[in-house]
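Participant: In order, the protein sequences belong to chains L and F.
Every letter in the first sequence is one number past the one before it in our numbering, and letter 46, counting from 1, is 46.
Every letter in the second sequence is one number past the one before it in our numbering, and letter 83, counting from 1, is 83.
What the hints contain is simulated information worked out from the structure, not anything from laboratory work.
One thing to keep in mind: the hints can contain errors.
As the list makes no split between identical chains, a pair holds if one copy fits it or if it spans any two.
Claimed, not checked - Calculated pairs, DMTMM-like style, for lysine to aspartate or glutamate (alpha carbon to alpha carbon, straight line, at most 25 Å):
1) Lys140 with Glu62
2) Lys57 with Glu157
3) Lys57 with Glu176
4) Lys140 with Glu130
5) Lys57 with Asp38
6) Lys57 with Glu130
7) Lys57 with Glu183
8) Lys57 with Asp205
9) Lys57 with Asp152
10) Lys140 with Asp66
11) Lys57 with Glu146
12) Lys140 with Asp152
13) Lys57 with Glu81
Given next are the chains, with one letter for each unit.
2 protein chains.
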Amino acid sequence: MNDTIFPLIHGMSTSGNCHKIRMLLEHLDIPYRWNEVDIMTGGTQTPEFLAMNPNGKVPVVEIAPDRYLSESNAVLCHYGEGTSLLPGDPWVRARCLQWLFFEQYSHEPCIAVARFICRFLDADHPRRAELPQLHDRGYKALAVMEQQLATDDFLVEQHYTVADIALFAYTHRAHEGGYQLGEFPAIRAWLERVQATPGFVAMPDTHPAS
Amino acid sequence: MNDTIFPLIHGMSTSGNCHKIRMLLEHLDIPYRWNEVDIMTGGTQTPEFLAMNPNGKVPVVEIAPDRYLSESNAVLCHYGEGTSLLPGDPWVRARCLQWLFFEQYSHEPCIAVARFICRFLDADHPRRAELPQLHDRGYKALAVMEQQLATDDFLVEQHYTVADIALFAYTHRAHEGGYQLGEFPAIRAWLERVQATPGFVAMPDTHPAS
Chain L
1 MNDTIFPLIH GMSTSGNCHK IRMLLEHLDI PYRWNEVDIM TGGTQTPEFL
51 AMNPNGKVPV VEIAPDRYLS ESNAVLCHYG EGTSLLPGDP WVRARCLQWL
101 FFEQYSHEPC IAVARFICRF LDADHPRRAE LPQLHDRGYK ALAVMEQQLA
151 TDDFLVEQHY TVADIALFAY THRAHEGGYQ LGEFPAIRAW LERVQATPGF
201 VAMPDTHPAS
Chain F
1 MNDTIFPLIH GMSTSGNCHK IRMLLEHLDI PYRWNEVDIM TGGTQTPEFL
51 AMNPNGKVPV VEIAPDRYLS ESNAVLCHYG EGTSLLPGDP WVRARCLQWL
101 FFEQYSHEPC IAVARFICRF LDADHPRRAE LPQLHDRGYK ALAVMEQQLA
151 TDDFLVEQHY TVADIALFAY THRAHEGGYQ LGEFPAIRAW LERVQATPGF
201 VAMPDTHPAS
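All chains, please: the whole structure from these sequences, using the hints.
Facilitator: Printed below as a string of structure tokens:
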């Protein structure tokens with residue numbers, strides 16, 4: 001098998017959006033290559049990177065020679081298609097996508113951004129002023145998840161899907177952004193359930209040298 | 001044909017996210033019903049509404065009895081599936097989804113939110129302080145679109161897809177949020193191209209009484 005047909009992920013290992021792709025490919029046992037990109041030192045703003053993704057964000061996946069796909073949840077759908085992670089039943093699929101868009105609009109901008117501010121910026125950075133509002137909105141997003149997971153093992157009925165991968169990525173590191181999950185027992189049980197899925201791979205605490 | 005099998009959209013007619021659904025269903029010539037919901041008077045926070053969408057946002061579409069689908073772009077995919085609006089080719093599909101997630105993460109939170117502040121809040125509302133930063137980010141999103149549309153008639157190759165519907169919704173009202181499209185000739189030509197598609201329906205300037 002020629003190396004060039006393995007997907008090549010340009011990503012930062014400590015980014016939840018990038019880690020989603022690793023979780024997906026490991027679960028599906030798809031071989032891949034990984035190019036570490038450091039967003040903190042401008043790695044996504046170089047001419048070479050912007051040629052792959054004009055929006056200047058990781059992850060970008062070279063799914064075939066000269067075919068670059070960005071937006072983590074679009075990548076999840078691309079590789080999930082035809083597998084149990086994105087079933088063909090229209091109503092199941094619709095809810096998988098509903099959660100993927102929920103994640104990018106109502107969850108990630110609060111949970112991931114709070115983590116970014118707390119973990120990657122200086123302790124006296126002015127963006128810390130955003131935290132109270134982010135927490136207000138983030139806890140609402142967590143409450144929406146809690147309600148679903150109080151009755152179901154996974155976000156869409158009783159099966160592990162791309163929705164669980166997408167929401168796991170930042171929820172399991174929410175504490176790094178100052179969130180407490182004490183009042184979300186169903187989410188905590190679900191995090192453990194996801195961690196027990198075949199091929200589960202933990203997010204590294206620090207990213208390797210790029 | 002029984003009325004109950006027509007999709008029932010709970011939406012606000014002047015919301016771009018809701019108007020996407022109307023554009024889609026009109027293009028596909030799918031009959032539907034519309035229940036006007038006023039987000040400005042708490043219409044999305046009632047117990048009845050939250051039972052349909054715990055996230056408290058329009059649109060929500062009753063796609064079948066007791067099956068409620070939220071997230072506008074998930075609805076586009078649900079009804080677009082199997083039509084030319086969401087083709088089966090994996091690479092075309094992947095890029096459609098890439099644009100849909102781009103829209104919800106990098107475009108709508110700047111373009112739609114600026115419009116909301118300028119159009120729906122009082123002229124002296126403190127949220128107007130957010131506008132400079134929203135415009136900075138919004139113009140970057142428009143530049144990403146402009147780059148694609150400089151070479152292609154539509155966002156994904158030369159065909160009208162769900163990606164165009166999703167991005168049209170707020171781009172064509174960007175001026176209401178203080179954006180100028182003078183430096184985006186490819187976007188302006190594309191807006192006219194979308195307006196010329198079969199079944200195109202304009203967004204109303206004011207929403208009808210609910």
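Participant: Would you list, in rising numerical order, the hints stated earlier that this structure does not obey?
Facilitator: none
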